[in-house]
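Novice: Sequence:
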Amino acid sequence: MEGTFQYSPFYPRTGIAASGTKILRFTNDSPVNERGVPLGQVTLTWSLAGQPVKQAITPFVESLTNTQRSVTLSGLSQTFAGNMTFTLEVADAYGVKIATTLLVFVDPIFYGTVKTDSPTEREILCMNRRVALAEPFAASIKITDERSCFAAPMSAPICDIVETVFGLSVLGTYDIMENVPLTMADGMVVPYRVLVKKVPEHTLGQHFLLDVRY
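Residue numbers (my numbering): 1 to 214.
These are calculated hints, taken from the structure and not from any lab test. These numbers come from a predicted model, not from an experiment. We treat Cβ as the ideally placed atom computed from N, Cα and C, and that holds for glycine. Check before you lean on any hint, since a few could be wrong.
[Unchecked claim] Label pairs and their computed distance ranges (CB to CB):
1. 72 - 22: 21 to 27 Å
2. 179 - 49: 36 to 42 Å
3. 187 - 62: 29 to 35 Å
[Claimed, not checked] Calculated lysine-lysine pairs in the BS3-like style (CA-CA distance at most 27 Å, straight line):
4. 142 - 198
5. 22 - 54
6. 142 - 115
7. 198 - 115
Using the sequences and the hints, build the whole thing.
Specialist: In C-alpha cells, the structure reads:
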C-alpha cells in the first residue's frame, strides 16, 4: 500500500519554498493480510530524490544508514495483531519529509461451489480463499452439478453478483443467509453473509465468470 506524504519545511520564515530531499515512494510487501494468521516478516522499501542526512522508520526499526533504501523486519508475528502504520522520516538541510505505509488485516472472502443450499462451516472454509480489501473482483468458477457460493464478512458484505459476459445481475438467483458464524484462523467467530445458488448448475467443464460487487 503506497504511502501518504506530509511536508515540514525547515525554513518557514524565509518565504522561500522548501526543496531538498523528496520521498518518491514508501511501500511494504504485505499490505493486506489475513487476520489471525501470523505474518513472519515484512519488507519496507522506499525511494528518494536527493540524499538525506538522516532517516528513520518507526516503529521497530532501531537505525538506518543514510544510503539504505529497504529494511526487513522478521520475528514479529506476535506484534502484528492489527492494522499498523509505519512512518518514514527523512531529514536534510531543508527540513523533514514524512511518509507512511500501512499493514491492513482483514477477514477473508470465500467463493466456490457447495453441494447443498445449506453448506456447513467446513464446506465454506474449504472454498477458494481471497485475502483482499472489499473491492469488486472477478470470480472464475467451474461447476459440476453443485451450487456456486460466496461468503463475505457482514462488516463488508457482498451486495451484488453480475454475470460477466452480459453484465446482468444474477443476485436474485441466490439464497442469502445473514450472520452465518464462521470460525477464523485465530479462533474468533465472525458473522458472514453467505450467498448460495438456488439450484445446482453444470458448466460443462468450463469456468463461469462472475463479477462480485460490494
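Novice: Verify the CB-CB distance for residue 179 and residue 49 against the hinted window 36 to 42 Å.
Specialist: For residue 179 and residue 49 the Cβ distance comes to about 51 Å; the hint is violated.
Novice: Mind checking the alpha carbons of residue 22 and residue 54 for me, to see if they're no more than 27 Å apart?
Specialist: holds (13 Å)
Novice: Within 27 Å, alpha carbon to alpha carbon, are residue 142 and residue 198?
Specialist: Holds, because 17 Å separates the two Cα atoms, which is no more than 27 Å.
Novice: Would the hint linking residue 142 and residue 115 be met if the CA-CA limit is 27 Å?
Specialist: At roughly 13 Å apart (the allowed maximum being 27 Å), residue 115 and residue 142 satisfy the hint.
Novice: Starting from the range 29 to 35 Å, see whether the pair residue 187 and residue 62 falls in it by beta-carbon distance.
Specialist: Cβ of residue 187 to Cβ of residue 62: about 33 Å, so the range 29 to 35 Å holds.
Novice: Compare the distance between the alpha carbons of residue 198 and residue 115 with 27 Å, and conclude whether the hinted pair is satisfied.
Specialist: holds (11 Å)
Novice: Range first: 21 to 27 Å. Now tell me if the beta carbons of residue 72 and residue 22 are that far apart.
Specialist: holds (24 Å)
Of the hints listed earlier, the one the structure fails to meet is number 2.
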